[in-house]
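Peer 1: Listed below are the residues making up each chain.
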Amino acid sequence: MISSRDLILQRIRARLHGAVIHDDTIDPQPTSVLPAPSLEVLRQRFMDKASALGSMVHLVPTRDAVPTILENLLQELELPLQAVCWPALAPWLDQHHTRLNLFFRPAEPADAVGVTGCHCAIADTGTLVLRTSALTPGSVSLLPETHVALVSEEDLVSDMKASWRHLAREPWARSVNFVSGPSRTADIEQTVVIGAHGPARVIILLYGSAP
Amino acid sequence: MHSKADHFKENSRRQLGDATLQQNMRRFGGRFAQARAVAMEELPDLEALRDQAAAIRDRSLYQLDEWLLRFEAQAKNAGITVHWAATGAEVNRIVLEIAQAADVRKVVKSKSMVSEETGLNEALIGAGLHVVETDLGEYILQLAEEPPSHLIAPALHKNVEEVADLFAAHHHTPRQTDIPSLCREARVQLRPHFLDADMGITGGNFLIAETGSVVLVTNEGNGRMVTTLPRVHVAITGIEKVLPTLDDLTTLLKLLPRSATGQSITNYVSLLTGPRHDDEREGPSQSHIILVDGGRSEVLGTALQPALRCIRCGACMNHCPVYQNIGGQAYGWVYPGPIGAILTPAYLGLDQARDLPQAATLCGACEVVCPVRIPLPALMRELRQQSVQQGLRPWRERLGVRLWHWLALHPRSYRWFSRVLIWGLSKMANAQGMVTRLPGLDGWTQGRDMPAPQGASFHSLYRKTSRKTS
Ligand code: SF4
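So the protein sequences, as listed, match chains A and B. Residue 16 in the numbering used here is what sits at position 16 of the first sequence, and the numbering runs on without skipping anything. Residue 327 in the numbering used here is what sits at position 327 of the second sequence, and the numbering runs on without skipping anything.
Honestly, I wouldn't trust all of these hints.
Stated by the list, open to error - Footprint (simulated), chain A over chain B, 3 or more residues, beta carbon under 8 Å:
| hint | segment |
| --- | --- |
| 1 | 133-143 |
| 2 | 261-272 |
Unchecked claim - The following label-pair restraints were derived from C-beta to C-beta distances:
| hint | chain 1 | residue 1 | chain 2 | residue 2 | range |
| --- | --- | --- | --- | --- | --- |
| 3 | A | Arg13 | B | Gln386 | 50 to 60 Å |
| 4 | A | Leu135 | B | Ala33 | 56 to 66 Å |
| 5 | A | Arg13 | B | Met434 | 31 to 41 Å |
Unchecked claim - Simulated crosslink set (EDC-like; lysine to aspartate or glutamate; CA at most 16 Å straight-line):
| hint | chain 1 | residue 1 | chain 2 | residue 2 |
| --- | --- | --- | --- | --- |
| 6 | B | Lys9 | B | Asp247 |
| 7 | A | Lys161 | B | Asp247 |
| 8 | B | Lys106 | B | Glu122 |
| 9 | A | Lys161 | A | Asp124 |
| 10 | A | Lys161 | B | Glu210 |
| 11 | B | Lys9 | B | Asp442 |
Simulated from the structure, these hints should not be mistaken for lab results. Beta carbons are placed, not taken as given, at the ideal position from N, Cα and C, and that holds for glycine.
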């Protein structure tokens, strides 16, 4: 008996055989030859777009200032000074002495705050691009109610197309997630409610390249 | 899903008579349409972008076999098991086999229209599995035991009071009636299911041939949950969903969320490429994809092929005056609105959905908004023509058209007949000159009155004038 695979392919070929091949004059790829925007432009655009989608963006002058700012922030928001973090962040966050109690592992149901880095961030849409791996488990940006992303200005790219080039530098991850703000639903009376199954709060600490 | 598409007239009559539904549809009104209009203004090159989007989808469809094979090879490389299913029954069988082999007890689902086509939930529940829909809209409908009424807002026809009743009855919790609390309640109820499910089932908005990835476009985060936490992931998608490259995806993603809800991008876009890697501590250890035909290949190479470009944004129904009055469930199967009026007869056979292509005023609003430029009205006209050619129209309609045909070829009889008709109608008119009931056409006069013809016919006026001038 013929397999469904062969049957389907056979049908497709029979149907398409002799079909008028479509007009090829439209180039499906919009070729943008715009020069890459300056860092100032990218930073401003990213902040505007991310805030518009409900993320809270904080500028941090230097990388070294991040752990202290994180501590202050959690305190201000009256969150526990405890968070689950990407294992990839351990070498950085562990050497700083703060009152934070940090765990470097995949998230568990009880975790209230998840801290991640990001692979790159898209200015045009205010989007974080996260890849999963053993050192960057996806659950950290998914299960906790609050997601804090530490983003380096150096990783800002202008649009999604540029992010593919960024992603192509490393082996393809099991899951690549484009995250644009806290989870939401509008399934009851088209009323937008923030905080569906994913995080209800997304905080972005955008840090400068100064040491 | 069992189709009721061939009872369109009864379905829509019932929906029109349902006061709550009518109120809910009024509330829905133009909200999505307005949001779309605002979001589209941000795109300076919208029309060019729509051309590109249509060209991308055409390129996939005209070489569908090649792109599917490329996708299959890449997906296998990434460790995904690729299944092909010619029919809905085969889809259900494959999912059950996977479930049995992996000793699955509980299944969590994020939205999948194809699984609605195949009636997957009933099949799984029938085999003793516990199935939970996790998209809020789909979850509400699972509790209500109803089919979806919209592509992206499946419970659009329910109001907050109805949801409150359902939740109170099923969760045994105090009844809450504000929307944020109800969403919170759903989150709390569904979280444990995500955590202890064995299998996650999703649809797929797109398949990427160059990487072998399945793309999910979601807002709630349930798509990420069901592809991160359970041991087994099964994605079910139609064969037409394949895109050649990631750059193609970029172009379509500029249009899909804007067309659908007016968002510049959805909260989550996930590219899933295979099971967990050896050193990872989470993610499914098995990853399957089922490529479903279900009538799609039969549409290729026919006049209806452009309908396969559809990216399921819902804009056509958001702008459809007929949909806004009768609601999605009147269409009787999985896909409502203008695109449903084409896909349902295309997939199930025209004789299973005779009245759907007639369910349009042909106002053209759907074609104006469709991001991939599907000529929906032209396709409906094509189906209307086919249904006449196949003798599928009711005898009264056929007789009427025959009669008119004959009269049109016999001017004398035509004039005599129209004189009798004019006389008859003016006799039936009330004091205001309106005809309120037409025997045999009371479906039409139920909602409106018809003005009785006044004065002489064009023919007799023309004769009189030309006699005078000659
Ligand atoms: S037919 Fe066009 S407008 Fe309608 S759902 Fe499909 S893509 Fe959207």
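Peer 1: None of the hints should be skipped; say for each whether it holds.
Peer 2: Hint by hint, here is what the structure shows:
no.	hint	in the structure
1	133-143	holds (count 5)
2	261-272	holds (count 10)
3	A:Arg13 with B:Gln386: 50 to 60 Å	24 Å, violated
4	A:Leu135 with B:Ala33: 56 to 66 Å	45 Å, violated
5	A:Arg13 with B:Met434: 31 to 41 Å	59 Å, violated
6	B:Lys9 with B:Asp247	44 Å, violated
7	A:Lys161 with B:Asp247	6 Å, holds
8	B:Lys106 with B:Glu122	14 Å, holds
9	A:Lys161 with A:Asp124	11 Å, holds
10	A:Lys161 with B:Glu210	15 Å, holds
11	B:Lys9 with B:Asp442	14 Å, holds
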